[in-house]
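K.L.:
Under my numbering, the first residue of the sequence shown is numbered 1, with each subsequent residue one higher.
What you were told as hints is all true, and nothing was included just to trick you.
35 Å max Cα-Cα, derived DSBU-like pairs, lysine-lysine: (1) K41 - K171; (2) K55 - K158; (3) K55 - K163; (4) K146 - K41.
Derived CB-CB ranges, DEER-like: (5) A208 - E123: 23 to 33 Å; (6) A31 - D148: 37 to 47 Å; (7) I115 - S215: 42 to 52 Å.
Derived by calculation from the structure, the hints in this document are not laboratory data. Note that CB positions come from ideal geometry on N, CA and C, so glycine has one too.
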Amino acid sequence: MTQFDNIKAYIITHALEWLVALIILTVGVLASKLSRRWLAKILNRSRVRDDLLLKNFFLRSISVSIVVLATLIALEKVNVPVTSLIAGLGITGLILGFGLRDTLSNFAAGLLLLIYRPFRAGEVIEVEGTHGVVEELTIVNMQMTKTDGVRVIMPNSKVWGSKIDNYSLSKSRRMELTLKVREDDVETAITTIESALADDARILITPAPQVRVTSVGDDAATLSIWAWTSPQDFQNVTANEYVRLLSRLRDAQVQIV
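Model the full structure from these sequences, guided by the hints.
P.N.:
Here it is in structure tokens:
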């Protein structure tokens, strides 16, 4: 028999087995999608409905597990020795371990992040000098959006092994500004700045804003301004408060150096 005849004979003999395997795999994919939707509805009515990181991580893990199970069953139907395959993976586990070491490390770090929850979706954090809003935690990485709109994808192992600053957990954040005015205008400048901060509803009363002279020289004085806001208002206040203070100082005839 020719090679073509052998292939033809194999297809005819095993066509039903491959068809069953394909059906099992298709059902598995559909079951994965349906179970994800069904579980999402259940979780939306549970205590974890507001924890997007935990909910998405759980749904994705269940979905992947169903597809993997369906794939193993399908392989059994086409006479692929799954048990031997798994045993073979054990033999080559050391080799695969080196290749999958980073992936497994990221998965383990992801589980630890979910257990200890140093942050949640929507919170403002800083990791490794990267500042932004947490968007999603997947099996292997954490995704966040910086203030300039850039999406940052960081491996879970790097996040877990780094210092995490969570600004959203604090009740207030301190804004720091520096202005240099003519030495003769210091008293007027301090009074004007304190009045301007008091007029801004986004500036917290407690702790109270502080305006201090930090240095004097060359007929000029450097003023350090501390004011506290809520974490939600911090970015907006920081962005426009400097311009607002300059405008008030000019109206008060204070000379900016």
